[in-house]
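Chains as they are written, first to last, in full-length UniProt numbering: chain A, 1 to 282; chain B, 1 to 282; chain C, 1 to 282; chain D, 1 to 282.
In case anyone wonders, no lab produced these hints; they're calculated from the structure. Backbone N, C-alpha and C define an ideal beta-carbon position, used for all residues, glycine too. Treat the hints with care, as some may be off.
[What the hints assert, rightly or not] Short, incomplete list of chain B residues facing chain C, as computed with Cβ under 10 Å:
| # | residue |
| --- | --- |
| 1 | Gly10 |
| 2 | Ile13 |
| 3 | Val14 |
| 4 | His15 |
| 5 | Ala16 |
| 6 | Val17 |
| 7 | Ser18 |
| 8 | Leu21 |
| 9 | Gln25 |
| 10 | Gly26 |
| 11 | Asp27 |
| 12 | Thr29 |
| 13 | Glu30 |
| 14 | Gln33 |
| 15 | Phe34 |
| 16 | Arg237 |
One-letter residues, chain by chain:
There are 4 protein chains.
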Amino acid sequence: MVLTLSCRNGRGIVHAVSGALLSVQGDITESKQFDSPDTGTFFMRVEFTTPEPLTAVEAALAPVKEEFAMDMGLWEASRKTRTLVMCSKDGRTLNDLLFQQRAGTLAVEIPVIVSNHLELQPMAFFYGIPFVHIPVGKDAQGASTKAEAEAKLLDLVREYDIELVVLARYMQILSDDLCRRLEGRAINIHHSFLPSFKGAKPYHQAHERGVKLIGATAHYVTGDLDEGPIIEQTVQRVTHAQSAREFVIRGREVEGSTLSRAVKWHAEHRVLLDGKRTVVFD
Amino acid sequence: MVLTLSCRNGRGIVHAVSGALLSVQGDITESKQFDSPDTGTFFMRVEFTTPEPLTAVEAALAPVKEEFAMDMGLWEASRKTRTLVMCSKDGRTLNDLLFQQRAGTLAVEIPVIVSNHLELQPMAFFYGIPFVHIPVGKDAQGASTKAEAEAKLLDLVREYDIELVVLARYMQILSDDLCRRLEGRAINIHHSFLPSFKGAKPYHQAHERGVKLIGATAHYVTGDLDEGPIIEQTVQRVTHAQSAREFVIRGREVEGSTLSRAVKWHAEHRVLLDGKRTVVFD
Amino acid sequence: MVLTLSCRNGRGIVHAVSGALLSVQGDITESKQFDSPDTGTFFMRVEFTTPEPLTAVEAALAPVKEEFAMDMGLWEASRKTRTLVMCSKDGRTLNDLLFQQRAGTLAVEIPVIVSNHLELQPMAFFYGIPFVHIPVGKDAQGASTKAEAEAKLLDLVREYDIELVVLARYMQILSDDLCRRLEGRAINIHHSFLPSFKGAKPYHQAHERGVKLIGATAHYVTGDLDEGPIIEQTVQRVTHAQSAREFVIRGREVEGSTLSRAVKWHAEHRVLLDGKRTVVFD
Amino acid sequence: MVLTLSCRNGRGIVHAVSGALLSVQGDITESKQFDSPDTGTFFMRVEFTTPEPLTAVEAALAPVKEEFAMDMGLWEASRKTRTLVMCSKDGRTLNDLLFQQRAGTLAVEIPVIVSNHLELQPMAFFYGIPFVHIPVGKDAQGASTKAEAEAKLLDLVREYDIELVVLARYMQILSDDLCRRLEGRAINIHHSFLPSFKGAKPYHQAHERGVKLIGATAHYVTGDLDEGPIIEQTVQRVTHAQSAREFVIRGREVEGSTLSRAVKWHAEHRVLLDGKRTVVFD
Chain A
1 MVLTLSCRNG RGIVHAVSGA LLSVQGDITE SKQFDSPDTG TFFMRVEFTT PEPLTAVEAA
61 LAPVKEEFAM DMGLWEASRK TRTLVMCSKD GRTLNDLLFQ QRAGTLAVEI PVIVSNHLEL
121 QPMAFFYGIP FVHIPVGKDA QGASTKAEAE AKLLDLVREY DIELVVLARY MQILSDDLCR
181 RLEGRAINIH HSFLPSFKGA KPYHQAHERG VKLIGATAHY VTGDLDEGPI IEQTVQRVTH
241 AQSAREFVIR GREVEGSTLS RAVKWHAEHR VLLDGKRTVV FD
Chain B
1 MVLTLSCRNG RGIVHAVSGA LLSVQGDITE SKQFDSPDTG TFFMRVEFTT PEPLTAVEAA
61 LAPVKEEFAM DMGLWEASRK TRTLVMCSKD GRTLNDLLFQ QRAGTLAVEI PVIVSNHLEL
121 QPMAFFYGIP FVHIPVGKDA QGASTKAEAE AKLLDLVREY DIELVVLARY MQILSDDLCR
181 RLEGRAINIH HSFLPSFKGA KPYHQAHERG VKLIGATAHY VTGDLDEGPI IEQTVQRVTH
241 AQSAREFVIR GREVEGSTLS RAVKWHAEHR VLLDGKRTVV FD
Chain C
1 MVLTLSCRNG RGIVHAVSGA LLSVQGDITE SKQFDSPDTG TFFMRVEFTT PEPLTAVEAA
61 LAPVKEEFAM DMGLWEASRK TRTLVMCSKD GRTLNDLLFQ QRAGTLAVEI PVIVSNHLEL
121 QPMAFFYGIP FVHIPVGKDA QGASTKAEAE AKLLDLVREY DIELVVLARY MQILSDDLCR
181 RLEGRAINIH HSFLPSFKGA KPYHQAHERG VKLIGATAHY VTGDLDEGPI IEQTVQRVTH
241 AQSAREFVIR GREVEGSTLS RAVKWHAEHR VLLDGKRTVV FD
Chain D
1 MVLTLSCRNG RGIVHAVSGA LLSVQGDITE SKQFDSPDTG TFFMRVEFTT PEPLTAVEAA
61 LAPVKEEFAM DMGLWEASRK TRTLVMCSKD GRTLNDLLFQ QRAGTLAVEI PVIVSNHLEL
121 QPMAFFYGIP FVHIPVGKDA QGASTKAEAE AKLLDLVREY DIELVVLARY MQILSDDLCR
181 RLEGRAINIH HSFLPSFKGA KPYHQAHERG VKLIGATAHY VTGDLDEGPI IEQTVQRVTH
241 AQSAREFVIR GREVEGSTLS RAVKWHAEHR VLLDGKRTVV FD
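Same shape as in the complex, but just chain A (with noise of 0.2 Å):
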């Protein structure tokens, strides 16, 4: 099993956490903890093996969740994340998500795809997973389709119980509202190394300023657009002698794993939120 935990930081949090663990003949197998001098919080994730059922483990943990008013999650450690990918037309990102997934190196199950566009429907298709077109446009009046499409969305998130969106390179800016509801449960993958290069054609950007160095962003959605807590970066190298274009394919090496690193440590309940910043234990 897996359990996270945060609250205000105090003496015996450790002691209490691992009487109650004990108690139900817990054996811990891995357990980090972070204490935030900025926010005053202590963080904690603890995987163990136990012979009780979960709600055992509950009822056990809720004393000490009550004494130092935890915020706290609990997990069967083999439950896998259901999860949604959003996509449009390239897909280096999904077709990296859908081959670990499958190859059992993420703890996903995807349910679903959903796509603007039709290009990536074959691939979908080639995993044995649904895919659902939701085009984004404008209607017979002229009138922009997203609210729409958006409300489509969320239909499919309720239907197909979903936990976490992944937005593997969906070009289209989701709504303040749907951020808002996704908040905490949406990964984007940004092309650029944040808070350098936000918004359309950050390789373009990287290009024309000039940079040595190109990356890739993974955080979470949040309302204001490619301002959400960062899960995991990386950089690679570029010259003055590559074109803005060949950033773009150098830069798709590294979109993949970076998103993938995300998703997976997301999935694994190793990330936390430390006000906007996170706390990865990985």
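Position chains B, C and D against the provided structure of chain A, taking the given hints into account.
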């Protein structure tokens, strides 16, 4: 000898240059070139040996230079770039530069070090380099002494026949006027991965934003603060568990090597300007 | 067009080559060269445009080739290298190659995939590439079928006019004879940072030794197992907390991109052999 | 204070340790643990504050230590590790260590520097550290003075109450006997990515083999040359265009930082031994 040149791109440039070098029995040991598709400019750097003196080589190249309207530079490869280093209180970056200069891996000579503080005088003394203290503050009337300080600096640049000014964590902002006078011959190290976190306290900004990589950027100084052409960048991994103070310590590790590489390349005439970008023939 | 050449170093080579290209109105778009001090060999790669056909360019270069006794190669830049990929059961590396080939970022065409197992046939099918199953094992008399399998492979190489064989985690050791026949046109990915951990189970060897970085090496195949000229290497950070199995998973992340880069460079004629080393004009 | 411990893995360890710390009003500020599946050993490192003196904490932990048959270490966090540095002629690595020690980012004090040459005496002088010259060579009868030199070194270790010996590019091979005596408290920097290129001239070996990355490895010294437990490794990109001499120069850039990190972690009691591997709680 080292030859650098840039001109509008066109046919026959390489043939003309190699012909001129052949006429002085030049033996090319290293040659790099780059066509910038953005600016239509052709850049070239050639290292070669020749039994002829510099003036003879210049004469042989003169018609080529004129035909293609080239910007051209020609140097004895063994000649060292006369470099003035400016520093403040923190010596790590200075220490790296001085050690490498003495070890013979940086093609510079450093006839004078300038600082607005006295902390690093012993280090200059250890390396046998004159140290000039130019404080910046308020005079008796409460007016800033910055203009006066910059005038003294320019005097030193003239007096010591300085070709390159290196700002090794010199914590003062130079005036626009001084930046312009030193354009293309002053290199600064900024302790972030530009264009992220310009201005003051970049490590603290980076910590606040929760990034997973921190960096350092060596760039030419221009009037536009932290906007000059980038020569070299390096990053380093950080985690949630490191404080802003630890970011500072970890960052120091790469600031020195990043700045040293930029100085080395500049001193070996490996850096050419392509608009706001650099071409680095490393 | 792309021109590659190597010859004994001497004066006037660049001038002669650029003169020949000028005579066919060649416009050089990229040019790299290298003098190997160890072997006294000069290497050059030139990309250029010309209104003349390949035969005319060949004719123009013929006297230069003869004068300097050059090894020379000349190709249309748009021509794709005909590549046969061999794989076994694990598809991550194959998946990377096929995706990039289809995305147009690898200058290869892949007319046939060979495997000693059937697991990856669906992936070949998805990408529309013929899949040939050549099992390696024992025949009815208990004798190895390896020689027979290699004969079949060579038949396919001939039949499909193959220029490059890529071993994408093909887990069989090729015979010395086959290695010799494919010398310079077969690339393997070894899942360690060579020369560390040659042979079988390198991630387990790496874990046993307690290294802090693991890696992948793409190299040309030679009779000497894991001793061929190295084209590209990548490493990844690991810690004590990761098991050998996790090394395998993390390693996969870089195996595919390392092999793809090597294949890309080979297909673009950017890799030249300098004794047991490679010159990579990337 | 800092507590480190290791013992056979079992249930209740964390609870017992946290209970003992609670009894002395210990406030845990950092805690890391690791179960080694390979050796069945449990490792833990705790940083905590307490109003009690060290002896009281030791007394509180004594029953826990006995119950679980622990190897245990307990230190005042502010206490600096007494470190003897050995060097030869090249000062880059020494320079890094001394600078960081003085800047306060390495938790060591260095009461004495030992060298078999005199080149680095001025640097020791600059940092105000006694420098002892212990030459290694032949005596008047032509016999090696190595045994005598090592005896002198051990005298210094005793005299200065040395806890850690750092070999900062000390180019002599220590005798098996000395290695055994210093086991677990001597750190060496080897200038390759071990286990590649053991022994002499690793950069030249790396150049000969044509690798694309070079590295540095900080490890504990054991009788088995270059086979000791690895603490930290770093790599750096190289190309065909760099000579073995340039490998040496580029390598120096990372040797110092690699060794400094290893020394820092050791001095902060972050490195524990798990058989031939290290557990690094960084």
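Outcome of the hint check:
Checking Gly10 (chain B) against chain C by beta carbon gives a least distance of about 9 Å; that is within 10 Å, so the hint holds. Among the interface hints, the one on Ile13 (chain B) holds; its C-beta lies about 8 Å from the nearest C-beta in chain C, closer than the 10 Å criterion. The restraint placing Val14 (chain B) at the interface with chain C holds, with a minimum CB-CB distance near 4 Å, inside the 10 Å limit. Given hint, His15 (chain B) at the interface with chain C, holds; its Cβ is 4 Å from that chain's nearest Cβ, closer than 10 Å.
Annotation: interface hint on Ala16 (chain B) holds; nearest CB of chain C at approximately 9 Å, less than 10 Å. The interface hint given for Val17 (chain B) holds, since its Cβ lies 9 Å from the closest Cβ of chain C, which is under the 10 Å cut-off. Annotation: interface hint on Ser18 (chain B) holds; nearest CB of chain C at approximately 4 Å, less than 10 Å. Interface restraint check for Leu21 (chain B): the shortest CB-CB distance to chain C comes to about 8 Å, inside 10 Å, so the restraint holds.
The interface hint given for Gln25 (chain B) is met, as the beta carbon of that residue sits about 7 Å from the closest beta carbon of chain C, less than 10 Å. Interface hint at Gly26 (chain B): satisfied, since its Cβ lies 8 Å from the closest Cβ of chain C, which is below the 10 Å cut-off. Interface restraint check: Asp27 (chain B) against chain C, minimum CB-CB distance 5 Å, threshold 10 Å, status holds. For Thr29 (chain B), the shortest C-beta to C-beta distance to chain C is roughly 6 Å, which falls under 10 Å, so the interface hint holds.
Because the closest C-beta pair between Glu30 (chain B) and chain C is about 7 Å apart, less than 10 Å, the hint holds. With 10 Å as the threshold, the beta carbon of Gln33 (chain B) comes within range of chain C, its nearest partner Cβ sitting at about 6 Å, so the hint holds. Proximity of Phe34 (chain B) to chain C holds as hinted, the smallest CB-CB distance being about 8 Å (cut-off 10 Å). Residue-level restraint check for Arg237 (chain B) holds (minimum Cβ-Cβ distance to chain C is 8 Å; threshold 10 Å).
The structure shown violates none of the earlier numbered hints.
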